[in-house]
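Engineer: Okay, here's what each chain looks like letter by letter:
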Amino acid sequence: MSNEAVLHTGTGEVIHDTHHDGHHDHHQSFISKYVFSQDHKMIAKQFLITGMVWAVLGGLMSVLFRLQLGYPDQSFPILETVLGKHWAPGGHISPEAYYALVTTHGTVLVFFVLTAGLSGTFANFLIPLQVGARDMASPFLNMLSYWFFFAASVVMLSSIFVQTGPFSGGWTAYPPLSALRDASPGSKTGMDLWLIAMALFVVSSLLGGLNYISTILNMRTKGMSMTRLPLTIWALFFTAILGVLSFPVLLSGFILLIFDRNFGTSFYLSDIFLTSTNKALPNEGGSAILYQHLFWFLGHPEVYIIILPSMGLVSEIMSTNARKPIFGYIAMVGSLFAIAVLAFLVWAHHMFVTGLNPFLGSVFVLLTLLIAVPSAIKVFNWLTTLWRGNIRFTPGMLFSIGFVSMFISGGLTGIWLGNSALDVHLHDTYFIIAHFHIVMGVASMFGMFAGIYHWYPKMYGRYMNNTLGYVHFWITIAGAYLIFWPMHYEGLAGMPRRYYDYSIWESFKQFIDLNRFISTVALIVFAAQFLFLFNFFYSIWKGRKLRTPNPWDSNTLEWTTPIHAGHGNWPGEIPEVHRWAYDYGKDGKDFIPQNVPVGADESQH
Amino acid sequence: MDMAVSNQQKSGRIHPHKFTLWVAMGSIVMMFAGLTSAYVVRRSQANWLEFSLPNIFIASTIVILFSSLTIHLALKSFKAREMQRYRTLIAITAFLGVLFAVLQFIGFTDLHKQGVQLFGQGSNPSASFLGIITGLHVLHVIGGVIALLVIFFGAFFSKTKIYSPTSLEIVATYWHFVDILWIYLFVFFTWIR
Ligand code: HEM
Ligand SMILES: [Cu+2]
Chain A
1 MSNEAVLHTG TGEVIHDTHH DGHHDHHQSF ISKYVFSQDH KMIAKQFLIT
51 GMVWAVLGGL MSVLFRLQLG YPDQSFPILE TVLGKHWAPG GHISPEAYYA
101 LVTTHGTVLV FFVLTAGLSG TFANFLIPLQ VGARDMASPF LNMLSYWFFF
151 AASVVMLSSI FVQTGPFSGG WTAYPPLSAL RDASPGSKTG MDLWLIAMAL
201 FVVSSLLGGL NYISTILNMR TKGMSMTRLP LTIWALFFTA ILGVLSFPVL
251 LSGFILLIFD RNFGTSFYLS DIFLTSTNKA LPNEGGSAIL YQHLFWFLGH
301 PEVYIIILPS MGLVSEIMST NARKPIFGYI AMVGSLFAIA VLAFLVWAHH
351 MFVTGLNPFL GSVFVLLTLL IAVPSAIKVF NWLTTLWRGN IRFTPGMLFS
401 IGFVSMFISG GLTGIWLGNS ALDVHLHDTY FIIAHFHIVM GVASMFGMFA
451 GIYHWYPKMY GRYMNNTLGY VHFWITIAGA YLIFWPMHYE GLAGMPRRYY
501 DYSIWESFKQ FIDLNRFIST VALIVFAAQF LFLFNFFYSI WKGRKLRTPN
551 PWDSNTLEWT TPIHAGHGNW PGEIPEVHRW AYDYGKDGKD FIPQNVPVGA
601 DESQH
Chain B
1 MDMAVSNQQK SGRIHPHKFT LWVAMGSIVM MFAGLTSAYV VRRSQANWLE
51 FSLPNIFIAS TIVILFSSLT IHLALKSFKA REMQRYRTLI AITAFLGVLF
101 AVLQFIGFTD LHKQGVQLFG QGSNPSASFL GIITGLHVLH VIGGVIALLV
151 IFFGAFFSKT KIYSPTSLEI VATYWHFVDI LWIYLFVFFT WIR
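Top to bottom, those sequences are chains A and B. Here the first sequence stands for residues 1 to 605, where the numbers follow this note's numbering. Here the second sequence stands for residues 1 to 193, where the numbers follow this note's numbering.
One thing to keep in mind: the hints can contain errors.
Claimed, not checked - Chain A regions said to be covered by chain B (calculated; three or more residues, Cβ under 8 angstroms):
id	segment
1	239–250
2	257–265
3	282–288
4	291–305
5	525–539
To be verified - Calculated from the model, a selection of chain B residues having no Cβ within reach of chain A, i.e. all distances over 12 angstroms:
id	residue
6	Ile56
7	Lys113
8	Phe152
What the hints contain is simulated information worked out from the structure, not anything from laboratory work. Computed from a prediction, not measured in an experiment: that's the story for all the values here. Ideal Cβ positions, reconstructed from N, Cα and C, are used throughout, including at glycine.
Build out the structure end to end from the sequences listed, making use of the hints.
Structural biologist: Here is the structure:
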């Protein structure tokens with residue numbers, strides 16, 4: 001009871017919902033329950049649904065530009081109808097539209113879906129529930145975090161509708177394309193809106209991250225020592241630390257960029273010659289490389305911000321569904337820590353070809369390759385957890401196994417790229433696209449799917465449909481490999497990323513059919529995601545109802561709450577914790593939840 | 001309705017809001033570390049204007065140091081329930097915060113008069129960096145002044161008497177933090193050039 005958090009209103013009145021069985025909700029208005037909610041569980045759902053909207057939009061963008069890449073000669077009159085004469089004249093996506101689509105796809109998927117949609121959802125949902133707290137350290141800041149994200153979303157969305165189009169210089173927003181209004185149509189208003197949206201996004205991430213860290217460190221229930229935390233919480237903890245330390249640096253980079261754009265400074269711009277104005281710029285001595293340092297100092301930790309939550313979710317789901325303790329708990333925590341530290345020391349591997357001092361380059365090669373060690377430890381532990389497990393193949397479990405498969409495939413190509421000698425050839429080719437989509441995009445998306453299928457019963461008190469889940473899984477994993485595996489070959493053959501039309505290049509004509517194949521699969525995989533969307537929304541109202549609060553026979557605290565937990569999570573006192581989260585198959589018992597006291601006859605762990 | 005979560009804690013455990021502030025300060029440190037590293041990187045390249053800091057920055061340094069003292073005393077008087085003294089000290093602290101911002105601004109006007117242009121065509125990154133870094137710092141100071149005024153006037157409108165020094169402690173910690181941050185920046189700009 002010592003550090004039990006109690007909810008009270010501003011006037012000091014206590015609404016301790018001991019006797020309400022979690023049903024004090026109906027005292028709340030619609031607005032305070034669904035819109036400006038301060039309940040972490042509702043905020044989690046807001047992040048999730050907003051993230052899903054963005055995932056659909058971002059995915060649709062990729063389908064559109066894949067149409068261009070797969071069928072460069074074909075005209076799709078419907079595109080002219082939908083996108084208008086300006087962006088798709090004659091049913092062909094214009095080069096400006098193509099670059100705008102690629103850029104917005106990248107930005108949206110990296111930041112809005114896999115950062116806000118993933119961390120925002122599961123950190124909000126799981127941290128208070130799994131550490132045994134009634135809510136976040138500051139529910140109000142938490143609510144603000146969502147609304148800043150929402151504002152960022154609105155601004156980003158609006159940039160699609162301005163006359164000169166959204167920003168189109170790539171998700172990394174390198175100058176001069178991002179710094180010079182005259183560089184391209186998207187560099188005008190589109191870039192202003194991009195910067196505003198990203199600044200709002202950074203604020204949202206920081207508010208969220210602060211809260212996650214302080215909740216995990218300060219609000220744990222009695223008995224929940226750090227070493228008894230489920231791995232989900234450890235992963236979300238390191239994610240939040242990475243975000244809190246790296247996003248401010250990105251913001252500094254953006255501030256300098258804003259000054260270059262609007263107030264005539266020369267941080268990133270030099271006296272380059274512009275064909276559009278036929279003059280050289282008045283700026284002197286700026287360097288775009290400076291931006292790259294600032295960007296990648298965030299950018300690399302950012303990719304781990306995206307993958308770590310998935311690692312945590314997968315560890316938890318795997319142990320539960322293999323009915324075995326996670327293999328090497330401390331090694332799992334240690335490798336998360338090692339990854340988090342190394343994440344700050346490797347950013348220059350994105351800059352091997354910028355004229356980086358070769359000696360410095362070799363230091364970064366070494367540090368980059370070191371990341372393979374903790375990554376391999378994690379993979380080994382996941383596989384050993386599966387080994388001889390009593391596996392229950394739920395959709396959540398399948399996606400977790402899929403995650404490990406993707407992480408292995410993409411991690412291996414990371415080792416190729418981490419060698420600067422190989423990277424000189426592979427940099428900015430489709431090999432990079434293949435690498436990071438497999439290891440980050442798809443893997444992390446799989447972690448997110450796994451988490452949704454697994455915790456859906458806790459979120460909505462109903463199950464999602466399993467059959468649809470299986471179909472969704474198999475189409476998605478087969479499709480993902482069919483899309484991204486061939487891209488390695490294209491990259492090895494030197495096919496650069498971010499070109500508008502490869503069919504006019506003699507060297508890349510050989511890939512016309514392959515590109516068409518990739519585009520077709522992409523279309524199918526995109527369509528298959530509607531199975532998931534349908535399953536998700538249909539099950540909210542029509543899914544099979546939960547009859548037990550602990551459907552997966554799981555050990556963690558969230559399953560000790562009532563099926564429909566109110567704000568405050570536990571109707572009575574917060575349970576006390578007596579053991580770690582992974583007592584599966586111990587002493588002949590299938591599982592022993594964390595709140596069960598250690599019995600006299602129990603063997604030690 | 002505004003809902004807050006309070007913690008019935010074991011003695012010795014840090015208040016979650018205080019802890020949040022510490023993490024936030026770490027975050028702010030990273031932002032300035034990013035900017036000053038960028039400064040160092042850029043300085044080693046060609047076309048870097050050398051100029052000396054405006055003298056008035058010494059005055060502003062003294063002002064902000066002094067304000068740290070006054071807020072410390074304000075907190076002490078609050079805990080001793082010497083409310084009259086507390087109000088005076090808070091007023092002085094807020095005033096010193098604003099004075100600091102004004103002095104910084106005067107410093108920049110001085111630079112401008114000497115022909116060191118901060119922004120716009122013909123500006124040198126060396127001056128632009130100084131402008132942006134100190135400007136961001138001033139924004140953080142002003143944020144502190146606003147927070148101070150919010151808890152100060154908030155007390156007048158609250159129906160119940162407030163005895164808990166927590167929010168004041170949080171603002172005081174932040175205040176010392178922006179003070180130290182300025183000392184760092186001042187030393188950085190003096191020594192590194
Ligand atoms: C063994 C581990 C890994 C190594 C050694 C590694 C190495 C690299 C290197 C050297 C590059 C730069 C290639 C270039 O631009 O020329 C790169 C790109 C990238 N990596 Fe990895 N990587 C690893 C794992 C990961 C993971 C786990 C993620 C994400 C979760 C990730 C995400 C990315 C992204 C997003 C890019 C490309 C960014 C862009 O240019 O748009 N990588 N990787
Ligand atoms: Cu990287």
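Engineer: Could you run down the list of hints and mark each one as holding or not?
Structural biologist: Consistency of the hints with the structure:
With a threshold of 8 angstroms between beta carbons, the proposed coverage of the segment 239–250 of chain A by chain B holds, since 6 of its residues qualify and at least three are required. Proximity of the segment 257–265 of chain A to chain B, defined as three or more residues with a beta carbon under 8 angstroms from a beta carbon of that chain, is established by the 4 residues found. Given a C-beta distance limit of less than 8 angstroms, the hint that chain B covers the segment 282–288 of chain A holds, as 5 residues qualify and 3 suffice. Using a Cβ-Cβ cut-off of 8 angstroms, 3 residues of the segment 291–305 of chain A lie near chain B, which meets the minimum of three, so the contact claim holds.
Three residues within the 8 angstroms Cβ limit are the bar, and the segment 525–539 of chain A against chain B gives 0, so the coverage statement is violated. Ile56(B), annotated as away from the interface, keeps every beta carbon of chain A farther than 12 angstroms; the closest lies near 23 angstroms. Chain A leaves Lys113(B) outside its interface by the beta-carbon criterion, the shortest separation being 19 angstroms against a cut-off of 12 angstroms. Every Cβ of chain A is farther than 12 angstroms from the Cβ of Phe152(B); the closest lies at roughly 18 angstroms, confirming the non-interface assignment.
Consistency note: the structure conflicts with earlier hint 5 alone.
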